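Asker: Take a look at the letters that make up each chain.
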Amino acid sequence: MNVGQPASAPKLPWRLISGNHACALGAVAAGCRFFAGYPITPSSEIAERLSRLLPLVDGVFVQMEDEIASIAAVIGASMGGVKALTATSGPGFSLKQENIGYAAGAEIPCVIVNVMRGGPSTGMPTRPAQGEIMQSRWGSHGDYPIIVLAPASVREIHDENMRAFDLAEPLRTPVVILYDQDIAQRTETVELGDANGVARAQRKWASGPPAAYQPYATGEDGIPAMSRPGAGYRVHTTGLNHAENGFPTQSPQAVERNLGRLLTKFERHRDLIDSWQTLGCDDAEVLIVAIGISARAALRALEICRARSLRAGLFRPITLWPFPENALREAASQANAVLVPEMNAGQLSLEVGRILGGKRVEAIHRFNGEPITPAEIAQRVETLAREMNQ
Amino acid sequence: MRGSRLEIRIGGTGGQGLILCAKMLADALCATGKRVAQSQTYEPTSRGGFCNSDLVVSDDEVDFPLATALDCLVLLDRLAVKPSWPLLKPGALVIADTRLCPELPEGELRVHPLPLSRTAIELGSERVANMVALGALAALAAVCTRDAIERAVRAETPKAFSS
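Protein chains in written order, with the numbering used here: chain A, 147 to 536; chain B, 22 to 184.
Okay, chain B solo, but in the shape it has when bound:
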């Protein structure tokens, strides 16, 4: 089902929890009956370096599972801009962290600069910037219900923090 293909990238640097963020979104989409292929690009270091996780979402089985034309892009670091920008569809949704990714190239896009990492810091830990980003993505891209995302996040959260 080519018409239903939706592509999402969460890009930043290694250690930001981008893959976990994408996995939770993938779990939520899967639970609502979508077919999902989630891939990841990372460097052989545990911190730093360009890292991204891509989702291809479809009503049918996904033939080519890698991103070719992005509908949504979440940027948690400026490192992810250059490799991702050429893949954006015209009119794509771009959510960029105002602190870590302040400057963006021009483009016919729906750009939302948001204080994702600053919000995370105010909440008590920059490490949860990935979850703030997931919330922003869920609200702006409307790819699946808030309920489904919340369930996926709770399922992956250690019990001590998920009550």
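Chain A with its partners taken away, still in its complex shape:
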């Protein structure tokens, strides 16, 4: 497929594509064969691209009547055994929350892209924001586990979308991919690896005698095996709290056993899940923690700081939830102060402050639609370094 590059262009190792285009290519490369969505700025290009790409690989593209129906269709497709994706933004992400909780509770693998734009409500549809850092983790009701990935470049959107399916399928969980409007709609020259022939992580399918099958039996790794539709296993799936047999229960012991397993099921898979980037942390006096376009600004800010002989480092969570806590603690071990630039009124800084209890954590908050600049971050690092050395 050569979508997005002029046909007459000479062969180069890289191509010029947008973040949303990369998202669509990553999904197809990961084996996604079902997309249901409802267009919303600034995520619509994902649907637009997949409407052309999926038919080429015998996949299904459906434009549904709204966002709720879209996530419901995705959950249904996944229960049918297909890797499935939906993509949305802001208000659409809010609408999907109930069913994201359903997918988490019933352990249905699926991937949800949320492109962050200005909020609240309809907000600023064409401007970037990072206002769903907390909603992506806590947006549905009750206690539930979820994985959230936060790519910061066009290339990383492609790769993290592939990794999203490699986590969602074997761990039986919804995975959210969270990035801002700026990276979604910008185009960058990217080198995309060849995913052909790369083995992708698979869902664990039931294989024993059907009579003994329990749809939510605790497997050796805490992940129950799913039954392939039509394979002869009896299954009951519900949003109600359920026992190992899949049927509703309010037995405190059964709920504690099954919900307890659900809430801790990521713990022994953190080596698969956790992902982060560190730069210059070894001797950093001031550690910057950022995601998305704010992390891109921080990258440039590091250069400015170095030129001014300021010792600054960057910790960038790529897996945002569960937060790579231990890696952050290690990266911050030498730092006297931590700076969190983020395009909201204070979300990532809350989590960083919680993890690094006792350390000085400051933030640059921006919610006017204008990305935080490298110069602003460098200036704040300089001020912090000066204050800490007084």
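Check the hints yourself; a few may be wrong.
In the EDC-like style, the derived pairs of lysine to aspartate or glutamate whose C-alpha atoms are separated by at most 20 Å in a straight line are [what the hints assert, rightly or not]:
hint	chain 1	residue 1	chain 2	residue 2
1	A	K350	A	D417
2	B	K103	A	E471
3	A	K350	A	E366
4	B	K103	B	E129
5	B	K110	A	E522
6	A	K411	A	E471
No lab work stands behind these hints: they were computed from the structure. It should be emphasised that the depicted structure is a prediction, and the values quoted were computed from it without experimental measurement.
We have chain A already, so just place chain B on it with the hints.
Answerer: Just chain B, lined up with the frame of chain A:
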């Protein structure tokens, strides 16, 4: 590679084809081996409102992909002057449409007022002002070869018009 960073903005109003213009230039630069990051700012309307598309061009991967200090600015509407002027580097190239953006603030700049939209009207449609601007930019900024730009324009042009 900080030294090689070049920043270009094409500014005007929504509906002028600014993003398409920037995309063609980005395609041309990409085809000549440059690394490019192209961003866009627009309002949630299909016509009107401040709109711009920025290119950051580099020999290496672009770290911060947004414009911070413009080397070149193309103005197709007066709306784009105010938000863009503070970003101009000293000595930057400014190409301004004489009809739609007749007045410019002072500055140590290389200013070229050109009849971009009037040329487009004379060619038969004001809608191609973006392509006239692209031609002017290619000639004055010398950011990439004429051949590469022409190929990028042809690749994006419907067959009926590109022969």
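Asker: Next, verify each hint and record whether it holds.
Answerer: Verification of the supplied hints:
Proximity of K350(A) to D417(A) is assessed by CA-CA distance (about 19 Å); at most 20 Å being required, the pair is judged to hold. The suggested pairing of K103(B) with E471(A) is violated, with an alpha-carbon distance near 44 Å, which exceeds 20 Å. Taken as a hint, the K350(A) and E366(A) pair is honoured in the structure, with Cα atoms around 12 Å apart against an allowance of 20 Å. Proximity of K103(B) to E129(B) is assessed by CA-CA distance (about 16 Å); at most 20 Å being required, the pair is judged to hold.
Straight-line distance between C-alpha atoms of K110(B) and E522(A) comes to about 18 Å, which keeps the hinted pair within the 20 Å bound. For the hint pairing K411(A) with E471(A), the CA-to-CA distance comes to about 17 Å; that is within 20 Å, so the pair holds.
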